[in-house]
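J.: Using the hints provided, position chains Z and A relative to the given structure of chain W.
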Amino acid sequence: MTAALVLIAVFTLATAAVALSLRNLIHSALLLIASWFGIAAFYLWAGAEFVAFAQVLVYVGAVSMVVLFAVLLTRRSRADTVIGPDSVARAISAVITGVAVFGVLGVAILKTSFGRLSPADVPPLPGGTGVSSVISAPTATVRDIGIQLMSTHAAALLIIGILLTVALLGAVVLAAQEGPESKHESP
Amino acid sequence: MSLDPLPLCLLFSSALFGLGLIGALARSNTILVLLGIELMLNAANLNFIAFWRYGPATSPATGVMFVMFSIAVAAAEAAVGLALIIAVYRHQKTIRLQEANRLKG
Amino acid sequence: MNLAVIPVAASVSEWSDSFLERLPLFARDWLTSWLPEPWRWLVNSLLSIAVILSVFGLLFAYVTLAERKILGRIQNRPGPNRTPIPFTKFRFFGLAQPFADGVKSLTKEDVVPRGADHLLHFLAPVVLLAFSILTFAVIPYGRHLVPVELNAGVLYFFAAGAATELAVFMAGWASRNKYSLLAAMRALAQLISYELPLLLAWVPVVLVAGSLSTTEIVAAQAGWQFDIIPHWYVLTPWGAAGFAIFMIAALAESNRSPFDLPEAESELIAGHLTEYSGFKYALFFMAEYFGMIALSGMAITLFLGGWHAPSPYLEFIPSYVWFMGKLSALLLGFIWIRATFPRLRMDQLTRFAWKFLVPLALINVGNAAFWSLSLHWSGPLQIFRWLISAFVVVGPFVLLGRKLSAGVAPRVYRYAV
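Chains as they are written, first to last, in my numbering: chain W, 1 to 187; chain Z, 1 to 105; chain A, 1 to 417.
Careful: at least some of the hints might be erroneous.
What the hints assert, rightly or not - Pair by pair, the computed Cβ-Cβ distance ranges are:
(1) I228(A) x I159(W): 28 to 36 Å
(2) R40(A) x T112(W): 37 to 45 Å
(3) Y62(A) x H91(Z): 50 to 58 Å
(4) L163(W) x P78(A): 26 to 34 Å
(5) P60(Z) x A130(A): 32 to 40 Å
(6) K178(A) x G170(W): 26 to 34 Å
(7) L169(W) x F397(A): 24 to 32 Å
(8) V95(W) x F370(A): 57 to 65 Å
To be verified - With a Cα cut of at most 20 Å, we get these calculated SDA-like pairs of lysine to any residue:
(9) K111(W) x V101(W)
(10) K355(A) x A282(A)
(11) K111(W) x P5(Z)
(12) K69(A) x F90(A)
(13) K178(A) x V82(W)
(14) K355(A) x T165(W)
(15) K178(A) x A100(W)
(16) K104(A) x R114(A)
(17) K111(W) x V95(W)
(18) K111(W) x A15(Z)
(19) K93(Z) x A100(W)
(20) K178(A) x T165(W)
The set of hints was computed from the structure by calculation and includes no laboratory data. Where is the CB? At the ideal position from N, CA and C, for every residue including glycine.
Only chain W is shown next, with the shape it has when bound in the complex (with noise of 0.2 Å):
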């Protein structure tokens, strides 16, 4: 089981660690692209079977076409999709600010002691291992998310189809203005 987790985990941040360092802008998009199937695989495992599906469709199947058509929409030639080299104070600042925030984050989570989250039913292991790891797995059947979306989380189904339908159209007006002077993009 963990191993599972971890060869998804290593995947997944490989792919999008790679993905934020390469100069070429389409191999950039593709790898985290791949990480993104990575945190795909990461939902199967927890047993969100409907979450992974969705997140495949969405991501992979949608908004990677918005973001490999907006590349290709946003450079004059074929070259404009290799990147000049970036500031390197700037990197390494940011590596900094990245690598304290996780570190804030991971000395958290290892000095918190998740305590008994299970049902009472549930014997405490002797030996000391984590309570955490005896917890069944939830199923969420497409039934029972169905049934929430359409009972206890009625609203928020319907903003959202309203917020869905406004950022749709403000896409649409925003890049859908020609300027007098656009037409000399070459392939």
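T.: For chains Z and A alone, kept in the frame of chain W given last:
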């Protein structure tokens, strides 16, 4: 390294968040900054699913609900962000963040 | 194949569990009985993978042959009939043609442009084929024959299908050819436009069946009315409309005629496949045909009742034979459409998707909601239910169709005599 699955998952998502933060801060290409932000959103979703799997069972699908809405919002935000990038590109013909400083004092 | 006893609402004739139905399970059990217990699940999975790959690989080979022969006959010519079985002189209607094609594509030189992105150029057909084959995992091929039983099976199928669009982009970009890139973007625009009608077409089915699991959707279409009319969804007004929309969107999603702008020879040479030759080209076509077969399989599961027989008297024929029969009928339909309709232009294509199919699919969802809410109407009200449902299908179709073809001159047919 602890062997509990829950701290491992949380460390994984924190590491991913840190990577997204580094990406968003260090690169000067706007699209890569946006991809870093997407990565941070995904890391937060990982957190939700980790606690849904190993946390107290309040209702069977709350964690999943959060993640569904988060994915929807992240997709909408990516679409709007990239449309903004295209619109900015039309004016300044590059997408380097440092070039977008016309309002600088 | 799934061994779990699925509580399928099976048909109640004595043929439900006949020997022929259980034959694949007996074969599988016999094969895995040679191995110790802990390895059985692995061998089960490997066995189902091997069976799917071999059966659908052979089906792909013979669908290409059938396509060429049938296209030929419709165009008043015989199609390929010269390839003999190796080392003999028996030609048999060119039945060995697919193997000759395979040998040809394997031995052709693999030309890659010098400035091309070699890694992406190599990965594009691999990714496309991998995701096309992954979609075969959730289709129920027979009463006891589902490779993977997933609670959200239909969603998995379309998620894997959506991931194939990446490979089209990778192919167009990696070729370092501006025409390939332009054609890849056009192909992507087509794929994205038709993904929406494709996804909206099965929402009514899930609404009425109440589940995203493919086995449960097939089980919901069991049973017969008056022992003659099956409960398949295609025989309801909203189901017929949904089936039509699904088939048209499936044609577009697998880049088949009349939507084959991305790969037609007269359009930008071969579109995003221009710089591919030899085996990689063959892999692209294999992926296209696998996509066609998988989408037909899903259409059968969603609308045509899966592996159910059309009448209880015909149930002695095993369920997987019925599935293959329906699959063959749909594939023949695909081939027939290819031979008959001219190709659509890019703007006609996108206009058709966004202004015609998407509104119709949305109205269909409302129609199916009305259908499932009026389930308890009985007696003469049933006729009203059918009439209202049919009217909600036909009315918008006629109105939208008139609006779509407004401004176009009346059609003049000239036949070659």
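J.: I want to verify a distance hint. Is the separation of the beta carbons of I228(A) and I159(W) within 28 to 36 Å?
T.: violated (49 Å)
J.: Need the status of pair K111(W), A15(Z): alpha-carbon distance at most 20 Å?
T.: Since the Cα atoms of K111(W) and A15(Z) sit roughly 16 Å apart, the hinted pair holds (cutoff 20 Å).
J.: Are the Cα positions of K93(Z) and A100(W) separated by 20 Å at most?
T.: The hint is violated at about 35 Å.
J.: Assess, step by step, whether the Cα of K355(A) is no farther than 20 Å from the Cα of A282(A), and give holds or violated.
T.: violated (35 Å)
J.: That 24 to 32 Å hint for L169(W) and F397(A) (C-beta), does it hold up?
T.: Holds: the Cβ-Cβ distance is about 27 Å, inside 24 to 32 Å.
J.: Could you see if the CB distance from Y62(A) to H91(Z) stays within 50 to 58 Å?
T.: holds (57 Å)
J.: For the pair supplied as a hint, K178(A) and T165(W), is the alpha-carbon distance within the 20 Å limit?
T.: violated (34 Å)
J.: Return holds or violated for the Cβ distance of L163(W) and P78(A) against the range 26 to 34 Å.
T.: Because 59 Å falls outside the window, the suggested range is violated.
J.: Can you tell me whether the CB distance of K178(A) to G170(W) sits inside 26 to 34 Å?
T.: The hint (26 to 34 Å, Cβ to Cβ) holds, given that K178(A) and G170(W) are roughly 31 Å apart.
J.: For K178(A) and A100(W), compute the direct alpha-carbon distance and say whether it is at most 20 Å.
T.: violated (45 Å)
J.: Between K111(W) and V95(W), does the CA-CA distance stay at or below 20 Å?
T.: Judged against 20 Å, a Cα distance of about 24 Å means the pair is violated.
J.: Taken at face value, is the distance from the CA of F90(A) to the CA of K69(A) at most 20 Å?
T.: holds (18 Å)
The earlier numbered hints that this structure contradicts are 1, 4, 10, 15, 16, 17, 19 and 20.
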